[in-house]
Amino acid sequence: MKKPMISFENYSFHYRSQAEPTLKNINLTIYEGEKIVIVGHSGSGKSTLAHCINGLVPFSYKGTISGSLKIAGKEAKDQNIFALSALVGTVLQDPDGQFIGLTVGEDIAFSLENDCVETDVMQRRTLEAAKLLDIDHRLTHRVHQLSGGQKQRTALAGVMIDNVPILLFDEPLANLDPAAGKYAIELIDRIHQEAKTTTIIVEHRLEDVLHRKADRIIVMNEGQIVGDMPPNELLASDILAKYTLREPLYITALKHAGCDLPADGGLEHIQKLDIDEFKDKLNHFPNTRAPGKTRHDAAPILELRDLHFSYRNGQQLLKNISTVISKGEMVSIVGKNGTGKTTLAKLLCGFENPAQGRIVYNGEDMTNNTIKEFSLRVGMVMQNPNQMISKHMIFDEVALGLRVRGVPEAEIKQQVNRTLKICGLYPFRNWPVSALSFGQKKRVTIAAILVLKPEVMILDEPTAGQDFRHYTDIMEFLLELNRQGITILMITHDMHLMLEYTSRAIVIGNGTILADDTPANILTDREVTKLAHLKETSLYALAVRAGLEHPREFVQQFIDYDREVRQHGSRNVILS
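Count along the sequence shown from 1, add 215, and you get the number used in our numbering.
Worth flagging that the hints you see were computed from the coordinates, not collected in a lab. The beta-carbon is built from N, C-alpha and C at its ideal position, and this holds for glycine as well. Do not take every clue at face value.
Restraint-style ranges between C-beta atoms, simulated for each label pair [unchecked claim]: (1) Lys636 <-> Gly481: 36 to 44 Å; (2) Glu695 <-> Lys745: 31 to 39 Å; (3) Tyr246 <-> Asp335: 33 to 41 Å.
Build out the structure end to end from the sequences listed, making use of the hints.
Written out as structure tokens, the structure reads:
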């Protein structure tokens with residue numbers, strides 16, 4: 216009989232600062248050696264559930280507990296956080312929140328050093344962990360110099376170096392490119408299998424997590440568990456759609472085509488599907504040929520002419536970057552972690568100066584302009600919200616830019632409240648920023664820039680850590696701004712965002728532009744996806760497996776159809 220490792224019995228938790236309990240009557244048992252995935256929209260209670268398991272609740276986040284939670288047979292509230300840390304290793308959603316060492320090597324080795332492990336053993340194990348995560352070439356680098364994905368891998372190595380029986384991952388894919396995310400899931404699975412750990416993954420990117428087998432998926436909504444079942448059973452149901460959670464794209468495509476999905480039909484991975492029973496309906500999926508998204512022929516608003524950039528140590532990161540962005544375009548900038556995407560954005564905002572080349576805005580050379588001069592035309596939302604927030608209260612943070620510009624207070628209130636509603640933050644407008652989750656902080660920083668309505672907006676991972684509901688709200692708002700003439704550039708690892716919302720994608724790799732084409736063409740080009748650490752969309756894989764005549768057109772056709780269905784709030788199937 217399996218041994219229970221985590222047992223919630225009639226468990227509720229009420230934060231001191233909240234009017235209502237965040238967790239309500241949770242009954243859940245996770246057994247030794249299981250791999251569990253927890254999904255739910257932002258504010259559903261999934262992160263709080265994770266915090267209860269690792270001891271942050273109630274030892275760091277204070278509140279009232281009722282019911283029982285046992286970890287490895289011991290009542291959690293009777294332990295201390297040090298004792299629980301020997302049982303549960305956690306990788307936080309915000310990697311900056313768990314760094315201790317100044318360098319990558321120091322941070323990975325911290326727990327071993329704390330346990331007085333001999334130096335030669337500590338160095339060997341640190342190097343082994345770093346190699347597993349492909350971060351060994353950065354051991355002497357300071358953690359604040361790393362990209363978001365490199366920080367995530369460093370945090371992962373720092374937890375995996377300890378032999379704890381329970382591993383907890385809070386959105387481990389949030390800052391990783393698709394290839395790195397796939398590798399991370401494979402690595403987590405390998406450690407789960409080899410070390411026999413009990414593994415819990417809290418994540419929005421369900422399709423990516425299901426790249427490797429999971430035992431159960433827990434669905435949370437409003438502090439309660441509304442689903443607890445094997446992946447196949449969940450994917451065959453409408454539970455994810457009911458609670459506005461993103462299904463794997465190929466599952467949604469099969470449902471749109473009217474396919475009956477069996478609960479035991481290998482649905483958790485596209486390669487396990489019995490595709491023959493679905494071919495007929497896929498071939499009769501609405502076959503009105505979707506027009507390909509075309510490039511803008513409007514006047515150029517931003518021109519990059521032979522840009523080069525090197526760090527002070529002489530390392531060249533960008534070279535020969537030349538492209539033209541037209542007024543009113545909505546463009547994705549994609550590529551693997553650490554390839555220079557964020558650095559390019561910093562050049563376009565005046566945060567960094569190119570070693571060579573020119574940045575031309577509306578025909579005017581802005582290469583040597585000040586940050587203030589850039590800010591009047593270009594707004595940027597950074598990947599890490601903690602690097603942008605400067606006010607204690609949410610309303611004040613979003614209002615800051617308008618106040619600096621001298622906007623009347625009545626108009627500020629109107630504009631800020633409108634933006635907060637779009638970003639799903641209006642109910643929290645009088646909250647302190649410190650009370651928010653990482654994903655909610657991200658929405659605050661997006662709101663603080665959106666409210667200023669710049670002519671060019673650059674967003675670094677705008678939807679990282681967002682559930683599908685808020686992802687859609689934010690992207691629809693950005694699309695509306697784009698329709699009003701604002702040019703939008705988005706650095707993203709979200710291939711669905713790239714497909715659905717942008718007509719053009721610029722692929723950065725090896726310091727230069729590898730491709731500049733429509734998203735559908737890029738994500739169906741295996742050579743480009745491999746070079747840039749992108750992920751071939753499962754829609755294309757589905758179309759190829761089904762033997763469809765025009766698999767690329769099928770990808771765009773599905774994206775357009777799915778968008779139409781979601782906008783009208785129904786799932787009516789149109790068959791030709």
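Violations among the numbered hints, reported as their numbers in ascending order: none
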